[in-house]
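**Q** Here the protein sequences line up with chains A and B, keeping their order.
The opening position of the first sequence corresponds to residue 1 in the UniProt record's numbering, with each subsequent residue numbered one higher.
The opening position of the second sequence corresponds to residue 1 in the UniProt record's numbering, with each subsequent residue numbered one higher.
It is possible that part of the hints are untrue.
[Claimed, not checked] Where chain A lies over chain B, by a calculated footprint (3+ residues, C-beta under 8 Å): (1) 35-48; (2) 67-73; (3) 182-190; (4) 229-235.
If you're looking for bench data, these hints aren't it; they were derived computationally from the structure.
Ideal Cβ placement from N, Cα and C applies to all residues, glycine included.
2 protein chains.
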Amino acid sequence: MPYFDAASAAPLHPVARQALLAALDEGWADPARLYREGRRARLLLDAAREAAAEAVGCRPDELVFTSSGTTAVHAGIAGALSGRRRVGRHLAHSAVEHSSVLHSAAAHEAAGGSCTEVPVDRFGAVDPAAFGGALRADTALACLQSANHEVGTEQPVAEVAALCAEAGVPLLVDAAQSLGWGPVPAGWSLLTASAHKWGGPAGVGLLAVRKGTRFSPQGPAGERESGRAPGFENLPAIVAAAASLRAVRDGAEAEAVRLRALVDRIRGVVAERVPDVEVVGDPVRRLPHLVTFSCLYVDGETLLHELDRREFSVSSGSSCTSSTLTPSHVLKAMGVLSEGNVRVSLPPGTAGADVDRFLEVLPDVVADVRERLGAPVAAPPSPAPAASLVVDALGRRCPIPVIELAKVIGEVAVGATVTVLADDEAARLDIPAWCEMRGQEYVGEEPADRGSAYVVRRLS
Amino acid sequence: MPYFDAASAAPLHPVARQALLAALDEGWADPARLYREGRRARLLLDAAREAAAEAVGCRPDELVFTSSGTTAVHAGIAGALSGRRRVGRHLAHSAVEHSSVLHSAAAHEAAGGSCTEVPVDRFGAVDPAAFGGALRADTALACLQSANHEVGTEQPVAEVAALCAEAGVPLLVDAAQSLGWGPVPAGWSLLTASAHKWGGPAGVGLLAVRKGTRFSPQGPAGERESGRAPGFENLPAIVAAAASLRAVRDGAEAEAVRLRALVDRIRGVVAERVPDVEVVGDPVRRLPHLVTFSCLYVDGETLLHELDRREFSVSSGSSCTSSTLTPSHVLKAMGVLSEGNVRVSLPPGTAGADVDRFLEVLPDVVADVRERLGAPVAAPPSPAPAASLVVDALGRRCPIPVIELAKVIGEVAVGATVTVLADDEAARLDIPAWCEMRGQEYVGEEPADRGSAYVVRRLS
Numbered sequence: 001m002p003y004f005d006a007a008s009a010a011p012l013h014p015v016a017r018q019a020l021l022a023a024l025d026e027g028w029a030d031p032a033r034l035y036r037e038g039r040r041a042r043l044l045l046d047a048a049r050e051a052a053a054e055a056v057g058c059r060p061d062e063l064v065f066t067s068s069g070t071t072a073v074h075a076g077i078a079g080a081l082s083g084r085r086r087v088g089r090h091l092a093h094s095a096v097e098h099s100s101v102l103h104s105a106a107a108h109e110a111a112g113g114s115c116t117e118v119p120v121d122r123f124g125a126v127d128p129a130a131f132g133g134a135l136r137a138d139t140a141l142a143c144l145q146s147a148n149h150e151v152g153t154e155q156p157v158a159e160v161a162a163l164c165a166e167a168g169v170p171l172l173v174d175a176a177q178s179l180g181w182g183p184v185p186a187g188w189s190l191l192t193a194s195a196h197k198w199g200g201p202a203g204v205g206l207l208a209v210r211k212g213t214r215f216s217p218q219g220p221a222g223e224r225e226s227g228r229a230p231g232f233e234n235l236p237a238i239v240a241a242a243a244s245l246r247a248v249r250d251g252a253e254a255e256a257v258r259l260r261a262l263v264d265r266i267r268g269v270v271a272e273r274v275p276d277v278e279v280v281g282d283p284v285r286r287l288p289h290l291v292t293f294s295c296l297y298v299d300g301e302t303l304l305h306e307l308d309r310r311e312f313s314v315s316s317g318s319s320c321t322s323s324t325l326t327p328s329h330v331l332k333a334m335g336v337l338s339e340g341n342v343r344v345s346l347p348p349g350t351a352g353a354d355v356d357r358f359l360e361v362l363p364d365v366v367a368d369v370r371e372r373l374g375a376p377v378a379a380p381p382s383p384a385p386a387a388s389l390v391v392d393a394l395g396r397r398c399p400i401p402v403i404e405l406a407k408v409i410g411e412v413a414v415g416a417t418v419t420v421l422a423d424d425e426a427a428r429l430d431i432p433a434w435c436e437m438r439g440q441e442y443v444g445e446e447p448a449d450r451g452s453a454y455v456v457r458r459l460s
Numbered sequence: 001m002p003y004f005d006a007a008s009a010a011p012l013h014p015v016a017r018q019a020l021l022a023a024l025d026e027g028w029a030d031p032a033r034l035y036r037e038g039r040r041a042r043l044l045l046d047a048a049r050e051a052a053a054e055a056v057g058c059r060p061d062e063l064v065f066t067s068s069g070t071t072a073v074h075a076g077i078a079g080a081l082s083g084r085r086r087v088g089r090h091l092a093h094s095a096v097e098h099s100s101v102l103h104s105a106a107a108h109e110a111a112g113g114s115c116t117e118v119p120v121d122r123f124g125a126v127d128p129a130a131f132g133g134a135l136r137a138d139t140a141l142a143c144l145q146s147a148n149h150e151v152g153t154e155q156p157v158a159e160v161a162a163l164c165a166e167a168g169v170p171l172l173v174d175a176a177q178s179l180g181w182g183p184v185p186a187g188w189s190l191l192t193a194s195a196h197k198w199g200g201p202a203g204v205g206l207l208a209v210r211k212g213t214r215f216s217p218q219g220p221a222g223e224r225e226s227g228r229a230p231g232f233e234n235l236p237a238i239v240a241a242a243a244s245l246r247a248v249r250d251g252a253e254a255e256a257v258r259l260r261a262l263v264d265r266i267r268g269v270v271a272e273r274v275p276d277v278e279v280v281g282d283p284v285r286r287l288p289h290l291v292t293f294s295c296l297y298v299d300g301e302t303l304l305h306e307l308d309r310r311e312f313s314v315s316s317g318s319s320c321t322s323s324t325l326t327p328s329h330v331l332k333a334m335g336v337l338s339e340g341n342v343r344v345s346l347p348p349g350t351a352g353a354d355v356d357r358f359l360e361v362l363p364d365v366v367a368d369v370r371e372r373l374g375a376p377v378a379a380p381p382s383p384a385p386a387a388s389l390v391v392d393a394l395g396r397r398c399p400i401p402v403i404e405l406a407k408v409i410g411e412v413a414v415g416a417t418v419t420v421l422a423d424d425e426a427a428r429l430d431i432p433a434w435c436e437m438r439g440q441e442y443v444g445e446e447p448a449d450r451g452s453a454y455v456v457r458r459l460s
């Protein structure tokens, strides 16, 4: 039963399990107490902090344990913004940050602050110069992930850090996806991470704040973790998190090479054997274990179900697989196709044979889903070119609007247009992406009584 | 090695351990995902929520899991205050709430809100009428613990809940200390608790919000736990928390009877065999497993160390055992002695023989500590009554100011005064408490160049 969604949560590392069991016996007491059970808990907490700090590349007193990567991001952003409130209330961040960053930014704006979202290229990376250009005299904080959680693209952290240093702006790096693979390039002021991404248990995040960074913890005061993470320390889990970080790092270099080759194989075979597919993200500057692709004319939820039936667990940024019915903000910012989206993220130790089996199964699964949806299998016949056409896909969900477009494009004359009426959010992203993949011209979007009218001109 | 500090953290319950191990294998994946590992995690999460809701006495959709009791309190208070912001910004709470409530109240005041602290009697309980009197037209929320964490006194929750209902004010009950022993009396609108207090793992708290209670979650938005607890669910620990809550509840009634008898024995023997001791808290309306007493002329930290050397783990609300060097706010609000303070809280399963051994050891340990500090062993001789005296205890820490006072009180004539100059915070509480215990008159406190001057009149 191959599990290919390590970017959501990795199965517990054996070292984490072992450390957790030991710490359940030795580390359940309150580390703030003076009696022996408390002192023992304190020793375990101190040792875990030292191990984690070493892996992060900071001093132990710069690092606190939070209850998750999300709370680390929330606390880090709120504390840094407040610490530099006198400088200004501007926050700069990339358009493809994790939702915990975007939600913090939205809360900051709701409270009267201002934000600049730095766009990304088609691979999902920010341009360092553009990021530098977003820094202003009143910028209190900049946020940039080390690598993207949906498409794996590495961000130019070192270059952006240098520009931030020049501008005197602290940089928070969300290292949730990369910390298990290696340290973040120097230059960050704040760093956050999440243990269950590297095989540690749930319930543990990291927040490191470099000495000298102005920081003012928000929310009710707390006595624990330097006042930066409220509540009783989740100690056995913290011990397990630190132990497994050290363990995965030991094997990370070799495993990265191996998984990178497996991902290269996926990238190649998918592009070759699945028709009408877009493999997204940077093919080189990327996480070793993660690849994402989108399949035209495919319903993401059905695709995931079919893969699950064949025992492959993957995730998707398609709108139909999210509770909000909007496509992933990452794919949107990249301007790439979102329909039939699949993210494969291999946990360390993934067998090559499992990847091979996935690659054998995938083309047929995609073909089956397309057939069921009535997707065009080849260029449609064009017996008598019609004048411009209007397709009504109102009330129909992704990928139907694109399928309907593809079905009729051959029916209009070269130079004529097809107008698709659609009210599914994904159409806004997927119709232009389809045009780019198919070499047709995306003319633009016009308001309509219901939804929008997307106009496409046939070029070939 | 008897551990008598269950009120800080209870050792992991065997059922919690077993459930945790199973859930580490079955429940590590993201419960929001559609594949089988995610669905399995979702089933575990749903089952844990149902079990916890049953124990709390609410609907599953009224209950979310937080990362600790403290974060449950923070989120509960912030959300309820914000939800009723149009009604007003007044918060009423007892003076002896857990620090998480007091810190939330302080943050609320810092943000422009107002708070009323309802005082407690010498047993540590609020008077329902006084609590009711603190409710105003602009009161957005009232907070009352089910039972006190330092002295074990049960609060009149049902009576206060009725008054809150009458006034249309939601009541948040912090049930951290009592939930393992039984459900909270009906009438609450919000309820919080902490799993590691009942033998569950660290990293799990509960927040229940009754349907119909206005609630607006604060901080950055989140997709998990109804938007009320940010971050990836700490699932294996949640499963263990729910399983152990059910398990401890099964045996709670019988165990409460047994521990209540052991605590009664401690209360009796301590009062009888330790001279100059004050056993605090309500002797009847109290938690079954907890008792606190304070010993005159004793340094709390030394006492804890000596008990630890004899393998008894207890905690203390004395100022010298806290990092802030102020005595516990609970003892302060009760107006009882804080020096030489010891809290004994018995975990379920505590052997009677261990309690007996503690009671054998304690009197000698207290006597030893007193002897080392030069405390008066009997009424001091009074050869030639002096006029009023001034004792300079500046720069000297608790219990020295009280010891110095006790040494010289016999040297002044009946009706004359002793003035103690002291700058240790605990003196403000302990000198009046000593007067009450000794039948002397506490005249009052006067400002001094350094610290304060505490004036005591000899009556006998």
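**Q** Hints first: check each against the structure and report whether it holds.
**A** To see whether the hints hold, each was checked on the structure:
1. 35-48: Held - the stretch 35-48 of chain B has 4 residues with a Cβ nearer than 8 Å to chain A, which meets the minimum of three.
2. 67-73: With 5 residues in contact (Cβ-Cβ under 8 Å with chain A), the coverage given for the stretch 67-73 of chain B holds.
3. 182-190: It is violated: at least three residues are needed, and the stretch 182-190 of chain B offers just 0 whose Cβ sits closer than 8 Å to chain A.
4. 229-235: holds (count 6)
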